[in-house]
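Chemist: So the protein lines, in turn, are chains V and S.
Sequential numbering of the first sequence, starting at 1, is according to full-length UniProt numbering.
Sequential numbering of the second sequence, starting at 1, is according to full-length UniProt numbering.
Hints are not guaranteed to be accurate.
Residues of chain V placed beyond 10 Å of chain S at every Cβ, according to the derived structure [claimed, not checked]:
| # | residue |
| --- | --- |
| 1 | ARG161 |
| 2 | ASP168 |
| 3 | LEU170 |
Distance ranges between label pairs, derived from CB positions [stated by the list, open to error]:
| # | chain 1 | residue 1 | chain 2 | residue 2 | range |
| --- | --- | --- | --- | --- | --- |
| 4 | S | GLN228 | V | SER116 | 22 to 30 Å |
| 5 | V | GLU156 | S | ASP150 | 49 to 57 Å |
| 6 | V | GLU35 | S | PRO230 | 46 to 54 Å |
| 7 | S | ARG148 | V | GLU120 | 20 to 28 Å |
| 8 | V | GLU156 | S | GLN228 | 36 to 44 Å |
Calculated directly from the structure, the hints in this document are not laboratory data.
Note that beta-carbon positions come from the ideal geometry of N, C-alpha and C, so glycine has one too.
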Amino acid sequence: MSETHRISPESIRKRLESVTDPELDRSVVELEYIEGIEIDGGSVEVAFTLPTAWCSPAFAWMMMVDARDALAAHPAISTATVRLRDHMHAREINEGVNAREPFGSAFEDADGDIESVRRELDEKARVARQYRAVSALLEGGLTPDQIVELVRGDVETGDDRATIRVDDTLRVCVDAAPIERYLEKATGLVCDSTDRLFLTPEGETIPPEAFETVHKRGRLATTNMGSQGHICENLGDARIGGPTVT
Amino acid sequence: MYQYEGEDVFVIDGHVHWWDASKDNIKHEGGEQFIRCFYDYHTGFTPEERQWSLEEYRKYDEERMINDMFGDGHADMGILQPTYLNEFYTEGFNTIDRCAELADEHPSRFIVNGRFDPREGEAGLMELERQAEKFDVRGVKVYTAEWRGDSKGWRLDSDESFEYLEKCVELGIKNVHAHKGPTIRPLNRDAFDVADIDDAATSFPELNFVVEHVGLPRLDDFCWIAAQEPNVYGGLAVAAPLAESRPRKFGEVMGELLYWLGEDRILFGSDYALWEPEWLIEAVMEAEMTPEQREEYGVELDLEVKKKIMGENAAELYDIDIERQKEILRDDGVSEEFGLAEQYGESTPADD
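Please build the complete structure, drawing on both the sequences and the hints.
Modeler: Put into structure tokens, the structure is as follows:
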């Protein structure tokens, strides 16, 4: 049995690395939301705690669904259960997610569907990740005019380097990580090899004269997520360090 | 008055409350959840030795507030921003009438803002008229995620809201402070979405829209709207405490705000009693952008900029002549009680 097929706390953490807090676009593993992992033969139960008991139920739901699906995809796991702890809606979320019910049946009076919330946050994550990818290309020596012209087919990602075809004669190699992370969130918009690689926050082609503004809006999206991340962290520290008030 | 490297910094705390979340005043479990959520923000950001107990936090008296703001607190003036939450609290959480009691005692120290909720229809418009006449309000605070009956919020760009904004123009109320951003349990996160500011600000260029909490966690949406709407301002409450606990992150947020809005459209607010102005003002005044941040954003957070953020920008919005105001504050009761007269300068001898 290969390492990835064996159930161990490490392999489970590895699986969950791709699950992100949708508002912060950071892994739940890195954010230390995982509270405990229990393994019993092929059955696995993973417990999570979020920074506050009142974190958005929609966000909590998304994370639990993604964690459930990531665990279910583990070839050696037969039964996967996710358990949200110390949340005002823990019961509804745990029952609904593990029974594979839709959000709307667990929260009947919720307005707006969960998929539109997810799309909105995915868009923000795309904009923030584009900022990091474009920054890597600027550091790699590409000019703004060259960057806005790139199409999906100009990028090839290898093990840890990405090769960008700038024109018929010039190829540039950069760190693959920011490019791959960006492409993960751009899948809905950047699919065909002729699709422009980078877009405005609204999903349109970037006119060369708008490059600077679009790039600065990407920076702004990363600042927003970073500062919100600190706010969540402070609230989480207070919850762990101080008296429980729920 | 705050002193920074020998220079006076006149501080108008743009966002303060005098609330009552005592158990006797709570009529719905949402009221208990709301104050406990505030308390999470309090303990999450307040240095440990400065934290209040939950019981102190529920309701504080006039003496404590005056001391926290002006005695120890470095602030020279404060703008009282009402938050009603009538569905949660029998007498309201923080009403204009309660705020006015405080302002009546200390008229030179406080500006009282009004409040409206367009779901109140004709009666609400009359109430807004009453506020304007009785308290001479020049600003209003709006809370778009407030519950009312089955409704869990309202939008500033709705027809009903526009009727109220027209009424504001008519009554000479020119500053609209909107809580936008931070989720407060049990209120709906999306009802604090900043998007509705856009159309309201375009449609009412004669009004100023102060987005409290700079929209966090929607700083990006907020800055993008403000970059296009010259009458949109950012209130620093909730962002300011980052200066104490995450100074580098605070520098980045200030870099963004200065880049997209500029130094004339940012207002300091402590959100008292969320946090006390004393340590908060010290933290913001001491905050610096790193050389890398200054280069990245191409802006400065120097003393002149901080003076604008701390008081001059609010003075502009509320027609306060700071030099004239210092003369008034020098002789008021607060200056007498805390021995502050000297910091407002020598009294000018009569011209006879």
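Chemist: So, for every hint listed, does it hold in this structure?
Modeler: Checked hints:
1. Non-interface status of ARG161 (chain V) relative to chain S is upheld: no Cβ of that chain comes within 10 Å, the nearest being about 26 Å off.
2. Every C-beta of chain S lies more than 10 Å from that of ASP168 (chain V), the closest at about 34 Å, which supports listing it as non-interface.
3. With a least CB separation of 28 Å from chain S, LEU170 (chain V) remains clear of the 10 Å interface cut-off, as annotated.
4. For GLN228 (chain S) paired with SER116 (chain V), a C-beta distance near 24 Å keeps the hint of 22 to 30 Å intact.
5. For GLU156 (chain V) and ASP150 (chain S), the Cβ-Cβ distance of about 55 Å falls inside the hinted range of 49 to 57 Å, so the restraint holds.
6. At about 48 Å, the beta-carbon gap between GLU35 (chain V) and PRO230 (chain S) stays in the expected band of 46 to 54 Å.
7. Remark: the range hint 20 to 28 Å for ARG148 (chain S) to GLU120 (chain V) is upheld by a beta-carbon distance near 26 Å.
8. A hinted range of 36 to 44 Å holds for the C-beta pair GLU156 (chain V) and GLN228 (chain S), which are about 39 Å apart.
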